[in-house]
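All chains, full assembly: derive it from the sequences and hints.
Residue numbers (this note's numbering), protein chains in the order written: chain A, 1 to 207; chain B, 1001 to 1207.
Among these hints, one or two may not hold up.
Partner residues aside, some chain A positions facing chain B, computed with beta carbon under 7 Å [to be verified]: (1) K179; (2) S198; (3) H203.
Covered stretches of chain A, as calculated for chain B (at least 3 residues, CB under 8 Å) [said to hold, decoys possible]: (4) 5 to 18; (5) 39 to 47; (6) 52 to 60; (7) 73 to 79; (8) 86 to 98; (9) 146 to 154.
Simulated crosslink set (DSS-like; lysine-lysine; CA at most 25 Å straight-line) [to be verified]: (10) K70/A - K49/A; (11) K1049/B - K1070/B; (12) K70/A - K1179/B; (13) K179/A - K137/A; (14) K70/A - K60/A; (15) K1137/B - K1179/B; (16) K1060/B - K1049/B; (17) K1049/B - K179/A; (18) K49/A - K1179/B; (19) K1070/B - K179/A; (20) K1060/B - K1070/B; (21) K49/A - K60/A.
Note that these hints are calculated values from the structure, not bench results.
Don't be surprised by glycine CBs; every beta carbon is placed ideally from N, CA and C.
2 protein chains.
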Amino acid sequence: MKKNISQATIDRLPLYFRTLRLVEDEDISIISSDELGRRLDITPEQIRKDLATFGQFGRKGIGYYVHDLKDNISNILGLQNRWRLAIVGVGHLGGALANYVNFASLGFSVVALFDRNSRVVGTAVNGIRVNSISHMKRVITAQAVDIGIITVPAEEAQSVADSLVAAGVKGIWNFAPIKLTVPPTVPLVNEDLSVGLSALSYHMSQE
Amino acid sequence: MKKNISQATIDRLPLYFRTLRLVEDEDISIISSDELGRRLDITPEQIRKDLATFGQFGRKGIGYYVHDLKDNISNILGLQNRWRLAIVGVGHLGGALANYVNFASLGFSVVALFDRNSRVVGTAVNGIRVNSISHMKRVITAQAVDIGIITVPAEEAQSVADSLVAAGVKGIWNFAPIKLTVPPTVPLVNEDLSVGLSALSYHMSQE
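This is the structure in structure tokens:
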């Protein structure tokens, strides 16, 4: 795999994939970089450059074959791995993620749930039993979990991250509003819903 | 308010605000740009530059007064407006957002819910009655809604956006995986949970 691909290019890959899935649903089989650019609000030049970085070239004057390009980007993104997810913290957000239909269409599946609240442990969410957080290593090993999703309060998040890493997860998706420390071999993506909403507030104040 | 502030700087403001709230909770009253940089993984130089753009200057050799800086950034972000939110599409994600405790701490409140499913209309989520989407304009006006949150499937999102704009919302937060068209006077922020997860998949494939 190529080294030194810009983070910005990597960050756009999921957007291309998402759009190509929608385009394919519209029964469109060939799409130009111009049309992709319109749909994504990214210049056609940038799109062609990004895709070329990953060896994806359109046919000049015609465009890209949608199905092939979608599959190729899916492979570049590693989605064929069909990653297995565990959610730690089954509150409203954790529960919503356990039911998030879009994961399945990307090949991800939620296979384990953890909480520290004894009233929640033993209940089922979307058919999956909630385990006690004290059984994390055993369950994560038994379920071959790849990704740990952290949806606990900020003050508990680092401890949960440490437990997930010790249990052997290969990646962490963090929804707690705090910077976590993980080994460099464990990719970490942070998601903070309040950031987008605060940005919206800023722009609305300017109007 | 200053013009021509870079989007990157604006995008970092909510991160500063979020971190300063956590710092204040730790009963820290003064913080250096070095320490802020460690917590945020942003260089101290960039932090000082960003904050200076908004007229926020630390005391040389000492740092920033946490409470004042936090309040000032809160005002720059427009959070004092105590925006009122409506959620359209009360599925798992919409329902989770209706219960999302972090909104209240930012001054946002969910005041209206809409769905097109007659089995959902009339039920209550977090004490708020779900209205029929056909009553949107009336309810949005009556509840003085500022922000519309879109948590419906991609194919319905543009229609919902059009209705929200016609009903008078001042901003839209979109969770549907599709590019929306709105008037330039209506700020729009897109949130797509699958993007972060796909990026994680990419990085995990590289390990």
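Cross-check of the supplied hints:
| no. | hint | verdict |
| --- | --- | --- |
| 1 | K179 | holds, 6 Å |
| 2 | S198 | holds, 4 Å |
| 3 | H203 | holds, 4 Å |
| 4 | 5 to 18 | holds (count 7) |
| 5 | 39 to 47 | holds (count 3) |
| 6 | 52 to 60 | violated (count 0) |
| 7 | 73 to 79 | holds (count 4) |
| 8 | 86 to 98 | holds (count 5) |
| 9 | 146 to 154 | holds (count 3) |
| 10 | K70/A - K49/A | holds, 16 Å |
| 11 | K1049/B - K1070/B | holds, 16 Å |
| 12 | K70/A - K1179/B | holds, 18 Å |
| 13 | K179/A - K137/A | holds, 23 Å |
| 14 | K70/A - K60/A | holds, 18 Å |
| 15 | K1137/B - K1179/B | holds, 23 Å |
| 16 | K1060/B - K1049/B | holds, 14 Å |
| 17 | K1049/B - K179/A | holds, 21 Å |
| 18 | K49/A - K1179/B | holds, 21 Å |
| 19 | K1070/B - K179/A | holds, 18 Å |
| 20 | K1060/B - K1070/B | holds, 18 Å |
| 21 | K49/A - K60/A | holds, 14 Å |
In this structure, the one hint that does not hold is number 6.
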